[in-house]
Amino acid sequence: MTARVLVAKPGLDGHDRGAKLVARALRDAGFEVIYTGIRQRPEEIAAVAAQEDVQVVGLSILSGAHLALTRKVAAALLVAGADTARIVVGGTIPQRDVAGLLDAGAAAVFPTGTPLDEIVTAMRGLTDASGPAGR
Amino acid sequence: MSGSAAEQDHAIESERVRGLLEQARAGRLAATGRLLSLLENDGPSSRAVSRAAFPLGGGAYTVGITGPPGAGKSTLTGRLITALRGRGERVAVLAIDPSSPVSGGAILGDRVRMEHVGDPAVFIRSMASRGQQGGLALAAPAALRLLDAAGYSWILLETVGVGQVELDVCAVTDTTVLVVNPGWGDDVQTAKAGILEVADVFVVNKADRPGAEHARRDLASMRAVAPGAGGWQPPVLATVASEDVGSAEVLAAIDGHRSWLESDGHLSSLREARLWDEVQAVALAQLRERARQRFGQSSADELRLLVASRSIDPWSAADLLTTDDGDAGRRGLREARQ
Chain A
20 MTARVLVAKP GLDGHDRGAK LVARALRDAG FEVIYTGIRQ RPEEIAAVAA QEDVQVVGLS
80 ILSGAHLALT RKVAAALLVA GADTARIVVG GTIPQRDVAG LLDAGAAAVF PTGTPLDEIV
140 TAMRGLTDAS GPAGR
Chain B
34 MSGSAAEQDH AIESERVRGL LEQARAGRLA ATGRLLSLLE NDGPSSRAVS RAAFPLGGGA
94 YTVGITGPPG AGKSTLTGRL ITALRGRGER VAVLAIDPSS PVSGGAILGD RVRMEHVGDP
154 AVFIRSMASR GQQGGLALAA PAALRLLDAA GYSWILLETV GVGQVELDVC AVTDTTVLVV
214 NPGWGDDVQT AKAGILEVAD VFVVNKADRP GAEHARRDLA SMRAVAPGAG GWQPPVLATV
274 ASEDVGSAEV LAAIDGHRSW LESDGHLSSL REARLWDEVQ AVALAQLRER ARQRFGQSSA
334 DELRLLVASR SIDPWSAADL LTTDDGDAGR RGLREARQ
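As given, the protein sequences belong to chains A and B, one line each in that order. By the count of the numbering used here, the first sequence reaches residue 154 at its end, each step adding exactly one. By the count of the numbering used here, the second sequence reaches residue 371 at its end, each step adding exactly one.
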């Protein structure tokens, strides 16, 4: 089964170079990547995740608000009934926030400087090995 | 697995699908999303979804929007969603993009140009073609029927059509809109493009660019040479979708085609023919698979070589492949060998 993942940019920062780079790397690794563009609200991300029925919601956050945004996206996914999707977070994430993000509902965190192939491997693990719940 | 266990699994699956379908009809977007995945992954559940959805459909009007990459299909689709929402319609969009032939992956970004994510009466799904020729995912016809069953009154199917072989879209929707840009089809390509003969509405988008009038005239003259089926004259419209110029006229043209189809029973015979085409295509695929299983791969390989070496002619070989009598098939293969 081909894995479907969402690459989304919540919050107000408008820099999507990193997100696009990750999207391309995932495409080249055989993923179907839904890309939503910049400045998405958590409820919008959850609505897209529900309609697209993705297995992973990838959040690219450069604004520093990653903890609050991750919590809000996790809550919105639950409301939308799309909580079978796992959340991963990347961007400018300091190492010291990783534990907090995992606690906020992220299944994996890619702090600043994570190599692309490491992200791809982690996404494979989240979509193939464990498999999405309820399918 | 024993028969009764299989039956029980089947019943559980049908029950789950029915539950999801009920939620989808109540407007739960996640349920519709999940049902589409079940269809797309073509597992045992996909049949259950098709079976449950089919009797509930028939109310939606379907529009195919096709054209070369970058022509502005998604932007125009976004404008059409807005216009249809203004009339109170519930709108679903299926946006199909090609899978990478190398990795099998895809980047599906059409929805970036459709700003309706906050509207619960709009459902947008991106789909990768997964290797299907014709720009159309294999699951698309079933997906259209599911969205129909979920209660969307209009369904827009957006596909990349480069112009020559990608005609599938016309075979699954009621109205087909071809979107091109100025500069398109200046040369021989126009004449080759089979899509010209099957599109019901032509749109020259980005009409603020040089060459728009030329493209419009070009399409109009092509249309004069090959008028649409059964007397419909496909209109040629100019738009600047990014500025919302001309999109109301495109919707009016679609409405016009719909009215034409609905008069004189064109629409019901079109839909009847479409469903029967699908039955035949599926039946053919099933027969092929059954023949392959019954005859066996090694025998088929041998038969291929026997045809190549002219030991047996293609028609007799096909008889052996398709015969219901397995003994006769093997006997025929033996005879051809000698």
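Careful: at least some of the hints might be erroneous.
To be verified - Facing chain B, a subset of chain A residues (Cβ under 8 Å, in silico): (1) F50; (2) E51; (3) L97; (4) G100; (5) A101; (6) P130; (7) G132; (8) T133; (9) L135; (10) D136; (11) E137.
Stated by the list, open to error - Anything over 10 Å on all C-beta distances counts as not near chain A; from chain B, calculated: (12) P102; (13) G103; (14) A318; (15) Q326.
Source of the hints: derived by calculation from the structure; they are not laboratory data. Heads up, the beta-carbon is just placed ideally off N, CA and C, and yes, glycines get one too.
Going down the list of hints, with the structure as the test:
no.	hint	result
1	F50	holds (5 Å)
2	E51	holds (5 Å)
3	L97	violated (11 Å)
4	G100	holds (4 Å)
5	A101	holds (5 Å)
6	P130	violated (24 Å)
7	G132	violated (24 Å)
8	T133	violated (20 Å)
9	L135	violated (14 Å)
10	D136	violated (14 Å)
11	E137	violated (18 Å)
12	P102	holds (16 Å)
13	G103	holds (16 Å)
14	A318	holds (21 Å)
15	Q326	holds (24 Å)
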